[in-house]
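Asks: Sequence:
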Amino acid sequence: MDSGKIQKMESVISLMKKKTGINIQNFKLTFLERRINHRMCDLGILDFDKYVDLLSTSVNESENLYNSFSINVTKFFRDPSVWKTFEHQILPNFYNDSNFSSIDLWSCGSATGEEVYSISILLDKHLKKKHMKYNIIGTDINEKAILTAKQGIYKKEKISNINSQELQTYFDVLPDERYKIKSEFKKNIQLERLDLLQTTGKYFDIIFCRNVLIYYDRRAHEILFKKFFSLLKKGGILILGQDESMIGTNGKNYFNLLYPRERIYQKKEF
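Quick note: the working numbering has the sequence shown finishing at residue 1597, numbered continuously throughout.
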């Protein structure tokens, strides 16, 4: 990115900080540029300076731009091999360990809820046999995505990886081929708006941070890996997206790579 574009991006970063109190400087500049272009296209604005003028004067545009950072391209059990490894290789280490009576999980960038409810389905299937409890926190920067997740209503294409038994057990069928998560399977789930670089104030056995890091720069990765290490309990598990890794970061100082293909890591013990 040339110096002129960088200067323009910095003006947006400064405006967003001033208007919302949110620091977006840890996002990749190329990602910010794409999101701004997306907003300009939606608004029919062709000139960047005119968009900056709108951003500085509009009551709502800073919020709209921030919400656009959450891409929300997801479905239930996205990347099935990851979920298979999680279900058969990771989860048994918890529910077969007598030291555990409950499991705490965090889904970062939970978008419209598909990942959170995918986790809940697997935990319910296995932990109820062991009389174990679980708690899931799902967070996203997009308020609209969180509201959609709380509703828990999905179109048919979103549930293509759900088998018929799971569909019958965990969903109510609505008109127009829509499916709603049954209310009893929401009780152990907390959904809230939260920037990934902020803290939940809680500690976890497992953290899902899939397909989120790709939008942040290397400096943010360094901060986040250290943060995840501090928030994970002993032996805690971190699951990244298929296009994400710790190569070239301080992550290797905090985590061991258990399953390379699935990007599943375990907290190191010191």
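Hints listed in this document are in silico derivations from the structure and should not be mistaken for laboratory results. A quick note: this is a predicted structure, and the numbers were derived from the prediction, not measured. Idealized CB from N, CA, C, for every residue including glycine. Accuracy of the hints is not assured; some may be wrong.
Listed below are the simulated DSS-like cross-link pairs for lysine-lysine, each with C-alpha atoms no more than 27 Å apart in a straight line [what the hints assert, rightly or not]:
| id | residue 1 | residue 2 |
| --- | --- | --- |
| 1 | Lys1561 | Lys1529 |
| 2 | Lys1513 | Lys1456 |
| 3 | Lys1452 | Lys1377 |
| 4 | Lys1509 | Lys1411 |
| 5 | Lys1452 | Lys1344 |
| 6 | Lys1402 | Lys1344 |
| 7 | Lys1483 | Lys1457 |
| 8 | Lys1377 | Lys1344 |
| 9 | Lys1483 | Lys1529 |
Computed beta-carbon distance windows for the label pairs [unchecked claim]:
| id | residue 1 | residue 2 | range |
| --- | --- | --- | --- |
| 10 | Val1379 | Lys1483 | 37 to 45 Å |
| 11 | Thr1347 | Gln1492 | 41 to 49 Å |
| 12 | Gln1492 | Arg1546 | 22 to 30 Å |
| 13 | Asn1490 | Phe1597 | 39 to 47 Å |
| 14 | Leu1474 | Lys1514 | 35 to 43 Å |
| 15 | Lys1411 | Lys1477 | 25 to 33 Å |
| 16 | Lys1514 | Ser1341 | 40 to 48 Å |
| 17 | Gln1492 | His1458 | 15 to 23 Å |
| 18 | Lys1457 | Cys1368 | 25 to 33 Å |
| 19 | His1415 | Asn1387 | 42 to 50 Å |
| 20 | Ser1338 | Asn1420 | 25 to 33 Å |
Asks: For the pair we were handed, Lys1377 and Lys1344, check the Cα-Cα distance against 27 Å.
Replies: At roughly 19 Å apart (the allowed maximum being 27 Å), Lys1344 and Lys1377 satisfy the hint.
Asks: Could you grab the alpha-carbon distance between Lys1402 and Lys1344 and see if it respects the 27 Å cut-off?
Replies: Status violated; Cα separation ~32 Å.
Asks: For the pair Gln1492 and Arg1546, does the Cβ-Cβ distance stay inside 22 to 30 Å?
Replies: violated (45 Å)
Asks: Between the beta carbons of Ser1338 and Asn1420, is the distance compatible with 25 to 33 Å?
Replies: Between Ser1338 and Asn1420, where Cβ atoms are some 49 Å apart, the hint is violated.
Asks: Please check whether Leu1474 and Lys1514 have a Cβ separation lying inside 35 to 43 Å.
Replies: violated (18 Å)
Asks: Determine whether the Cβ-Cβ distance between Gln1492 and His1458 falls within the hinted range of 15 to 23 Å.
Replies: With a Cβ separation near 22 Å, Gln1492 and His1458 satisfy 15 to 23 Å, so the hint holds.
Asks: Should the hint that Thr1347 and Gln1492 are 41 to 49 Å apart at their CB atoms be regarded as holding?
Replies: holds (45 Å)
Asks: Please work out if Lys1483 and Lys1457 have their alpha carbons no farther apart than 27 Å.
Replies: violated (32 Å)
Asks: Given the hinted pair Lys1452 and Lys1377, is their Cα-Cα distance within 27 Å?
Replies: Answer violated: Lys1452 to Lys1377 is near 53 Å, above 27 Å.
Asks: Can the restraint linking Lys1513 and Lys1456 be considered satisfied, given a maximum Cα separation of 27 Å?
Replies: holds (18 Å)
Asks: Using the Cβ atoms, figure out if Lys1411 sits within 25 to 33 Å of Lys1477.
Replies: Since the Cβ atoms of Lys1411 and Lys1477 sit about 28 Å apart, the hinted range of 25 to 33 Å holds.
Asks: Does the hinted range 25 to 33 Å hold for Lys1457 and Cys1368 at CB?
Replies: For Lys1457 and Cys1368 the Cβ distance comes to about 51 Å; the hint is violated.
Checked against the numbered hints given earlier, this structure breaks hints 3, 5, 6, 7, 9, 12, 14, 18, 20; the rest are met.
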